[in-house]
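> My request is simple: use the sequences and hints to build the entire structure.
One-letter residues, chain by chain:
Number of protein chains: 2
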Amino acid sequence: MSFYDKLKFDGSGLIPAIIQERTTGRVLMMAWMNRASLEQTVATGKTHFWSRSRQKFWMKGESSGHTQAVKDIAFDCDGDTLLIQVEQIGAACHEGYRSCFFRSTQDAGAGFRITEPQLETPEQIYGKK
Amino acid sequence: MSFYDKLKFDGSGLIPAIIQERTTGRVLMMAWMNRASLEQTVATGKTHFWSRSRQKFWMKGESSGHTQAVKDIAFDCDGDTLLIQVEQIGAACHEGYRSCFFRSTQDAGAGFRITEPQLETPEQIYGKK
Numbered sequence: 013m014s015f016y017d018k019l020k021f022d023g024s025g026l027i028p029a030i031i032q033e034r035t036t037g038r039v040l041m042m043a044w045m046n047r048a049s050l051e052q053t054v055a056t057g058k059t060h061f062w063s064r065s066r067q068k069f070w071m072k073g074e075s076s077g078h079t080q081a082v083k084d085i086a087f088d089c090d091g092d093t094l095l096i097q098v099e100q101i102g103a104a105c106h107e108g109y110r111s112c113f114f115r116s117t118q119d120a121g122a123g124f125r126i127t128e129p130q131l132e133t134p135e136q137i138y139g140k141k
Numbered sequence: 013m014s015f016y017d018k019l020k021f022d023g024s025g026l027i028p029a030i031i032q033e034r035t036t037g038r039v040l041m042m043a044w045m046n047r048a049s050l051e052q053t054v055a056t057g058k059t060h061f062w063s064r065s066r067q068k069f070w071m072k073g074e075s076s077g078h079t080q081a082v083k084d085i086a087f088d089c090d091g092d093t094l095l096i097q098v099e100q101i102g103a104a105c106h107e108g109y110r111s112c113f114f115r116s117t118q119d120a121g122a123g124f125r126i127t128e129p130q131l132e133t134p135e136q137i138y139g140k141k
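Top line first, the protein sequences correspond to chains A and B. Heads up: the first sequence is residues 13 to 141, going by the numbering used here. Heads up: the second sequence is residues 13 to 141, going by the numbering used here.
None of these hints come from the bench; they were simulated from the model. One thing to keep in mind: the hints can contain errors.
Note that the list lumps identical chains together, so a pair holds whenever it fits in one copy or between two copies.
Cut-off 25 Å, straight-line C-alpha distance, at most; resulting in silico cross-link-like pairs (SDA-like, lysine to any residue) [to be verified]:
no., residue 1, residue 2
1, Lys83, Glu51
2, Lys68, Gly91
3, Lys58, Asp84
4, Lys20, Thr56
5, Lys68, Asp22
6, Lys18, Gln52
7, Lys18, Gly123
8, Lys18, Glu107
9, Lys18, Pro134
10, Lys83, Ile101
11, Lys83, Thr36
12, Lys68, Pro134
13, Lys58, Pro28
14, Lys68, Thr56
15, Lys20, Pro134
16, Lys58, Thr117
17, Lys68, Glu99
18, Lys18, Thr56
19, Lys58, Thr127
20, Lys18, Leu131
21, Lys58, Arg125
22, Lys20, Gln52
Spelled out as C-alpha cells, the structure:
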C-alpha cells in the first residue's frame, strides 16, 4: 500500500504539515499541503506548500532562499497530519526567526515573550532580492 | 496585550495544537483546540482539545490515563498554530505508540515503515478501565 493511500486530505484537499529541524528537533513551522505540493515535495526533496491566504502553490524559500531539504516524512495515526524532518537554510520564519514559534507564554493571559533571537529582518530577507 | 489576542481561530473556532515532548523534542501528536479547551488547558495545566469527529470537548488521557502536563505554550508568527511542550504519561497515541507519528516514508510511493515500538495495544489501554 502506498503512503498516499494512508493520507486523508480535508474538505479543501489539504493536509497540515509540521516542519521539524532534524538535527535539533525544533519545530520550525506548520503549513498546508495539497496532494500536488506533497508530490512535488517528494519529487524534488524540497518542501512545497499550498497557501490558503494567497490560494497559491509555493516552494519554501522561493523568495527568501531559505529552502528546506526533506529528510523524512512521517504521518500520524489518523493519516491527517504530516511531520516532515528537514535541514533548514537560514530562517524558517518570514519574520526572520529560525522558527515561526518564537513567542510563548507560560502564564497565558499575562502576555508572552520572545524566546529566540531574530536572525534577520523581513527587509533583509525579502529586500535582498 | 494578552496572548489570546495574538491568536487566530479558524472559521470553525479552532486552532491546531502541535504537542511536543519537552525532554526529547519528539512531536507526539497534533489536535485541535477551541478557545474553551485552550482556556481549560491553561487553567488546569493539562491539555484539553476539541474533537472534530466527535464534536466533543475532551481532556487528553481522560479514558487512557495518558495525560499531558503543560510546560510551555508557543504560537507562530501568524497566530494560527500552537506549539505546546508537555510531559507525557505513557503513550500519546490511541494506538499505543509513544507518538502518533509512528510511521514514515523516505521513499514515498514505495510504502512506509513503522519507526517505533508499540508500547501497549489499544485493548490494553482502553480495556483496562
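> Look at each hint and say if it fits the structure.
Taking the hints in turn, this is what the structure says about them:
no.	hint	in the structure
1	Lys83 with Glu51	within (15 Å within a copy, 36 Å between copies)
2	Lys68 with Gly91	both (24 Å within a copy, 20 Å between copies)
3	Lys58 with Asp84	within (11 Å within a copy, 30 Å between copies)
4	Lys20 with Thr56	within (22 Å within a copy, 32 Å between copies)
5	Lys68 with Asp22	both (17 Å within a copy, 19 Å between copies)
6	Lys18 with Gln52	within (18 Å within a copy, 33 Å between copies)
7	Lys18 with Gly123	between (40 Å within a copy, 10 Å between copies)
8	Lys18 with Glu107	between (34 Å within a copy, 15 Å between copies)
9	Lys18 with Pro134	between (38 Å within a copy, 19 Å between copies)
10	Lys83 with Ile101	within (13 Å within a copy, 29 Å between copies)
11	Lys83 with Thr36	both (13 Å within a copy, 19 Å between copies)
12	Lys68 with Pro134	within (21 Å within a copy, 40 Å between copies)
13	Lys58 with Pro28	both (16 Å within a copy, 24 Å between copies)
14	Lys68 with Thr56	within (18 Å within a copy, 40 Å between copies)
15	Lys20 with Pro134	between (34 Å within a copy, 22 Å between copies)
16	Lys58 with Thr117	between (32 Å within a copy, 15 Å between copies)
17	Lys68 with Glu99	within (24 Å within a copy, 38 Å between copies)
18	Lys18 with Thr56	within (21 Å within a copy, 35 Å between copies)
19	Lys58 with Thr127	between (27 Å within a copy, 22 Å between copies)
20	Lys18 with Leu131	between (38 Å within a copy, 22 Å between copies)
21	Lys58 with Arg125	between (32 Å within a copy, 21 Å between copies)
22	Lys20 with Gln52	within (18 Å within a copy, 29 Å between copies)
Violated hints: none; the structure is consistent with every hint.
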